[in-house]
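Just need the whole structure built from these sequences, with the hints factored in.
In order, the protein sequences belong to chains A and B.
The numbering used here puts the first sequence at residues 2 to 407.
The numbering used here puts the second sequence at residues 175 to 305.
Hints listed in this document are in silico derivations from the structure and should not be mistaken for laboratory results.
Even for Gly, the Cβ is constructed at its ideal location relative to N, Cα and C.
Please note that a few of the clues may not be correct.
Here are the in silico distance ranges between beta carbons for each label pair [stated by the list, open to error]:
1) Glu200/A <-> Tyr261/B: 58 to 66 Å
2) Ser49/A <-> Val257/B: 55 to 63 Å
3) Asp289/B <-> Pro213/A: 37 to 45 Å
4) Ala195/B <-> Ser65/A: 34 to 42 Å
5) Val63/A <-> Cys237/B: 40 to 48 Å
6) Arg207/B <-> Val13/A: 29 to 37 Å
7) Lys254/B <-> Lys5/A: 56 to 64 Å
8) Pro203/A <-> Asp253/B: 37 to 45 Å
9) Gly179/B <-> Arg400/A: 49 to 57 Å
10) Val96/A <-> Lys254/B: 32 to 40 Å
11) Tyr261/B <-> Pro242/A: 25 to 33 Å
12) Leu122/A <-> Trp222/B: 40 to 48 Å
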Amino acid sequence: MADKMELREVEVWDGNMAASQALRQVQIDVVAAYPITPSTPIVENYGSYLANGYVDGEFVMVESEHAAMSGCIGAAAAGGRVATATSSQGFALMVETLYQASGMRLPIVLNVVNRALAAPLNVNGDHSDMYLGRDSGWIQFDAYNPQHAYDLNFIAFKVAEDHEIRLPAMVHQDGFLTSHTAQGVKTIDDDTAYNFVGEFQPMNDMLDLDHPVTHGVQTEEDWHFEHKARQHNDLMTKVFPKIEAAFDDFEKLTGRRYNIVETYNMEDADAAVVCMGTSVETAIEVSNEMRGEGKKVGVIGIRVIRPWPHAQIEEALKGIKAIGALDRSSPNGTFGMLYNELAGTVVNSAERKVLTNYVYGLGGRDLTKVHVREIFAELLANAEAGKPTTPLQQLIGVRGPKISFH
Amino acid sequence: MDNNGWNDFEIGAMLRSFDGAVSDIATTLQEDRPYSKANSFTASVADWRIEKPVFNKDYCIDCQFCWIYCPDISIISRDKKMVGVDYDHCKGCGICVEVCPTNPKSLLMFSEQEDEDKALAGWPEKEKKEK
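In structure tokens, the structure reads:
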């Protein structure tokens with residue numbers, strides 16, 4: 002039996018500590034990990050909780066991130082509560098196994114501390130790794146600060162392990178900006194936190210020897226499509242109601258409210274930025290300041306990236322005339338992911354909306370309040386003109402001549 | 175099962191080996207196990223074999239080497255007596271022939287199309303040991 006840990010009502014934790022405490026509180030059975038900056042402390046802390054008797058579980062030190070996720074897949078198929086953490090190149094090496102995990106419907110929780118992808122090598126935060134995972138069939142939650150990183154882990158387990166869902170989930174946080182920045186985090190006591198997620202309920206586990214099952218089967222053109230269709234259907238129709246229910250339960254328990262799409266200052270707004278991670282908090286601050294100046298600007302934060310919250314975003318964007326999609330990942334030859342996804346969401350709406358794309362913050366480059374203020378000013382001009390007054394895609398915060406496209 | 179739609183099967187590309195619960199499966203003979211239709215025991219998974227092992231019981235000493243070494247459980251043996259080869263699952267790897275200790279061997283590889291009686295009729299003689 003694991004020892005309990007006494008937590009203060011508010012602890013000063015960075016995002017990594019917050020995530021690792023959540024993993025301890027839900028009593029992960031197996032963590033298979035190959036630590037990588039900036040996510041290292043998550044699995045390192047889990048290892049120390051385990052060694053000190055605060056978790057009944059297994060820490061499996063493996064030889065690569067590919068093996069880490071493979072170990073998680075094996076442990077999850079065997080019938081355990083499983084989690085790990087990674088970043089950047091490590092995430093890239095995991096990609097092949099991410100598809101295995103989701104296709105096998107194994108409810109693994111992966112904490113991704115977002116970091117840029119080389120080359121050039123860079124340990125700081127941008128969303129390249131997060132974007133890389135978006136077609137992998139996982140549920141993706143995004144935290145904007147350490148409190149979210151803590152809370153969303155509980156939500157992730159509750160949704161992922163539900164027998165109607167059985168899909169793995171990622172909890173994203175920004176490398177260093179969230180993962181290594183200590184803030185006050187409101188805690189939940191050990192018993193309450195564990196009971197919120199509940200005891201792990203195995204499903205088709207390999208260790209049920211009375212009902213032997215084959216996991217990891219091969220299907221060709223005769224069956225593959227049906228399995229993928231089922232997975233896609235479940236992502237599209239079953240996940241959001243479960244997330245809503247988990248958010249409601251969590252609010253009842255803690256008073257903290259999460260939404261699939263977070264909206265700030267969106268009532269009667271003319272222009273809005275759509276962004277993720279720590280940038281949401283920067284944008285909110287600027288929006289508050291500009292509201293004080295009579296400028297009708299709002300902020301939309303994407304809380305759930307996959308499944309893509311089409312209906313929720315459509316609703317949030319009602320009446321908005323100009324939208325700025327802020328992508329913290331190099332699109333490498335096209336528009337940013339958020340621009341393309343938002344275009345797909347708004348293109349059939351009756352209202353005309355002007356949509357433009359800003360690529361920012363690569364490799365941990367700061368997004369300053371001045372940047373966001375300039376973006377809002379351009380978006381308000383677009384709203385006024387009813388058409389783009391700037392190039393459709395601009396790179397901001399980069400040295401050298403102005404760089405923009407289309 | 176063959177024509178099920180996307181909403182008609184269990185999630186996870188997971189297959190059940192047996193219909194219902196089983197117990198003591200290790201001591202139950204294959205033909206007595208409640209294999210499910212999804213289990214490959216009931217399917218032929220050997221159609222790409224190009225060479226097959228042919229069994230000649232005249233020379234077999236029931237040592238069970240082939241049964242132990244076969245990677246696909248395709249040697250049929252009952253009460254420690256060699257019965258034959260399961261051609262629905264044998265891939266034709268030839269390991270059984272390789273490990274067969276008799277002289278001449280009791281298992282030999284032949285072309286997939288070779289007639290079994292013809293193969294047995296042309297079985298090689300015992301090789302004399304060189305002094």
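Each hint, compared with the structure:
no., hint, result
1, Glu200/A <-> Tyr261/B: 58 to 66 Å, "violated, 48 Å"
2, Ser49/A <-> Val257/B: 55 to 63 Å, "holds, 58 Å"
3, Asp289/B <-> Pro213/A: 37 to 45 Å, "holds, 39 Å"
4, Ala195/B <-> Ser65/A: 34 to 42 Å, "holds, 38 Å"
5, Val63/A <-> Cys237/B: 40 to 48 Å, "holds, 41 Å"
6, Arg207/B <-> Val13/A: 29 to 37 Å, "violated, 59 Å"
7, Lys254/B <-> Lys5/A: 56 to 64 Å, "holds, 57 Å"
8, Pro203/A <-> Asp253/B: 37 to 45 Å, "holds, 39 Å"
9, Gly179/B <-> Arg400/A: 49 to 57 Å, "holds, 56 Å"
10, Val96/A <-> Lys254/B: 32 to 40 Å, "violated, 50 Å"
11, Tyr261/B <-> Pro242/A: 25 to 33 Å, "violated, 51 Å"
12, Leu122/A <-> Trp222/B: 40 to 48 Å, "holds, 46 Å"
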